[in-house]
Amino acid sequence: MNNKVTRNLYLFPYALWIVLFVVAPLLLVLYYSFFDIEGHFSLVNYKTFFTPVYLKMTLSSFWYAFLITVISLIIAYPTAYLLTKTIHKQLWLLLIIVPSWINLLLKAYAFLGIFGTKGIANSFLEAVGIGAKQILFTDFSFVFVSVYIFIPFMILPIFNALNELNPTLLDAANDLGASKWITFRRVIFPLTIDGVKAGCQVVFIPALSLFMLTRLIAGNRVITLGTAIEQQFLVTQDWGMGSTIAVFLILIMFLIISLTGNRKRGV
Amino acid sequence: MTNAIIQFKQVTKQYDNDPAVLDQVSFEIERGKFYTLLGPSGCGKTTILRLIAGFTEATKGDIFFNGKKINDVPANKRQVNTVFQDYALFPHLNVFENVAFGLRIKKMKNADIQQKVKEALSFVNLEGYETREIREMSGGQRQRVAIARAIVNEPEVILLDEPLSALDLKLRTEMQYELRELQRRLGITFIFVTHDQEEALAMSDEIFVLNKGIIQQSGTPIDIYDEPINRFVADFIGESNIVEGKMIKDYLVEFVGGQFECVDRGLNPNESVDIVIRPEDLEITTLERGKLQVRVDSQLFRGVHYEISCYDKDGNEWLVHSTKKAAVGDEIGLYFDPEAIHVMRFGETEADFDRRLEAYSAGDAHEQ
Ligand SMILES: Nc1ncnc2c1ncn2[C@@H]1O[C@H](COP(=O)(O)OP(=O)(O)OP(=O)(O)O)[C@@H](O)[C@H]1O
Ligand SMILES: [Mg+2]
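In order, the protein sequence lines correspond to chains W and R. By the count of the UniProt record's numbering, the first sequence reaches residue 267 at its end, each step adding exactly one. By the count of the UniProt record's numbering, the second sequence reaches residue 368 at its end, each step adding exactly one.
Derived by calculation from the structure, the hints in this document are not laboratory data. The beta-carbon is built from N, C-alpha and C at its ideal position, and this holds for glycine as well. Hints may be right or wrong, so weigh each one.
What the hints assert, rightly or not - From the derived model, a few chain W residues whose C-beta atoms are all more than 10 Å from chain R:
1) 27
2) 119
3) 124
4) 168
5) 176
6) 196
7) 254
Stated by the list, open to error - Heads up, simulated DSSO-like pairs for lysine-lysine below, C-alpha to C-alpha not over 30 Å straight-line:
8) R/68 - W/180
9) R/325 - W/180
10) W/180 - R/106
11) R/212 - R/325
12) R/107 - W/180
13) R/246 - W/180
14) W/85 - R/77
Hey, can you work out the whole structure from these sequences and the hints?
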């Protein structure tokens with residue numbers, strides 16, 4: 001009995017935190033979504049969301065988030081694999097993780113310098129004879145910078161999954177006649193799928209609501225749900241519409257988490 | 001030899017600049033027999049299996065399979081399957097798919113796969129477990145899945161790396177019988193690794209005793225138990241009393257201050273040797289009848305016999321296995337036959353050792 005009481009006592013600060021900073025804001029967002037710009041209770045925001053403008057925005061958000069996730073995965077998986085093979089793997093991992101500690105804005109500004117008309121990238125293109133290009137404010141630069149920012153979050157879970165893989169399983173597959181490729185397809189990949197899922201979650205979901213980068217790097221050419229929310233709150237001052245988009249964003253996140261969920265099967 | 005399926009010729013394995021893990025090892029494995037590699041931890045048993053399976057390459061020397069050199073054949077192309085020490089079953093596949101893994105890679109027809117997996121599972125008494133997940137299987141069952149996964153491919157050789165070490169004593173004894181029985185029924189060559197000498201004696205047609213990367217002795221369990229080549233083998237296989245001695249002349253050896261009749265000959269006069277007498281060859285008797293006089297130090301009841309530890313006046317320990325009880329602190333005599341004395345020369349090679357033993361039996365034949 002006593003034990004239970006103390007445990008509840010310990011849980012109290014945590015519960016308080018959750019209620020104040022997670023549950024309450026969510027409820028507030030839901031509440032605001034039912035008011036139009038004049039402050040009258042209505043469902044007009046939900047109707048607006050299902051108009052082509054917003055549906056297209058949702059789709060394009062998905063598309064960019066998807067691109068960013070897939071490209072990150074394609075780069076991160078082999079990188080994580082090579083990392084597990086190096087001698088000082090923890091050190092290498094640290095080197096990859098460290099950039100993710102630097103503020104996102106700082107990194108964005110750094111890329112403004114690199115990709116700018118007089119930046120290193122263009123100097124290089126000129127030097128090899130291709131000539132300067134408009135790099136900044138394109139889809140390419142947006143995806144490139146996003147991938148750069150998210151890649152450590154993709155590498156980490158995949159690295160952990162690969163690192164936990166029992167190496168005798170690879171010998172066993174080899175012993176049973178599997179080539180390197182078949183071993184990868186039938187053993188390594190299925191056994192690290194949880195790491196891949198975790199990586200995709202932590203990349204896809206934030207990528208869906210990216211907003212600073214869309215302005216700085218993509219020059220507002222890319223409008224994601226995150227940008228839309230920001231605009232509604234700060235520019236149009238339509239809190240109701242902003243909240244409605246947020247509600248959908250939250251729903252989508254829950255959907256993704258539950259779809260890529262049920263982890264941990266191992267022995 | 002025509003029946004040899006695997007041959008090692010002067011195989012050396014060395015990591016970086018460490019001392020060699022295997023040092024010029026040569027041996028032959030004959031088709032259809034049960035072989036055991038026996039030796040203490042780190043002596044190179046797993047390394048030999050890995051060389052045969054193709055997971056690692058020999059630094060020097062050649063490995064032959066069916067008369068063909070296979071040093072450069074990759075593991076997935078070798079006619080060998082392994083039962084790993086930790087079983088290495090695929091945790092994301094169920095029992096059926098684990099066993100079917102090798103067959104699916106060979107792109108066998110589905111109906112055939114069903115049939116073969118079923119057969120293999122019934123071979124190891126696991127019918128009806130097809131859809132179980134690996135984590136739902138006990139240690140003994142997992143081991144049998146691992147065996148089924150190996151035999152279903154119908155390899156010519158199965159390598160087993162201490163597959164029983166994780167099991168409790170009862171299950172282990174049971175599995176020893178099952179494995180031996182399985183090997184007889186299948187007629188496949190088994191190469192079994194263990195560091196448990198009783199297991200090796202009970203199961204094998206032939207034992208290789210390894211130490212520090214060198215095969216110390218090979219032979220049938222009885223050969224090795226009865227005629228250990230040196231102190232290491234005598235000590236490792238069963239319990240032994242080992243003392244230093246001197247060969248006075250043919251058929252006469254001196255140790256612990258006495259001279260005793262023995263059956264060995266052909267050694268140099270006054271050559272220093274090691275003497276082995278097995279505890280079960282020592283018989284408790286009166287002080288007068290005993291060839292050795294010792295004092296009983298302690299006694300343990302071992303179920304079928306008493307294990308009695310005695311000391312002679314020079315402080316050598318003598319272990320006796322006897323069905324008769326002794327009283328701790330008593331002075332007793334120990335009797336043994338001339339045949340119970342095993343004389344081991346220092347640094348004798350296996351070939352010389354075999355020649356010497358053969359000469360004895362030829363000699364016996366003459367005398368009769
Ligand atoms: N990859 C490696 N790099 C360096 N040394 C190794 C490597 N693999 C094995 N060794 C060394 O080789 C020696 C023999 O190893 P091996 O695994 O064959 O021993 P073992 O007889 O199977 O022992 P155990 O009974 O403990 O399994 C050991 O001293 C080990 O440290
Ligand atoms: Mg081993």
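Hint-by-hint comparison with the structure:
no.: 1; hint: 27; verdict: holds (40 Å)
no.: 2; hint: 119; verdict: holds (47 Å)
no.: 3; hint: 124; verdict: holds (42 Å)
no.: 4; hint: 168; verdict: violated (4 Å)
no.: 5; hint: 176; verdict: violated (4 Å)
no.: 6; hint: 196; verdict: holds (13 Å)
no.: 7; hint: 254; verdict: holds (27 Å)
no.: 8; hint: R/68 - W/180; verdict: holds (24 Å)
no.: 9; hint: R/325 - W/180; verdict: violated (63 Å)
no.: 10; hint: W/180 - R/106; verdict: holds (15 Å)
no.: 11; hint: R/212 - R/325; verdict: violated (39 Å)
no.: 12; hint: R/107 - W/180; verdict: holds (16 Å)
no.: 13; hint: R/246 - W/180; verdict: violated (60 Å)
no.: 14; hint: W/85 - R/77; verdict: holds (24 Å)
The structure does not agree with the numbered hints 4, 5, 9, 11 and 13 stated previously, though it agrees with the rest.
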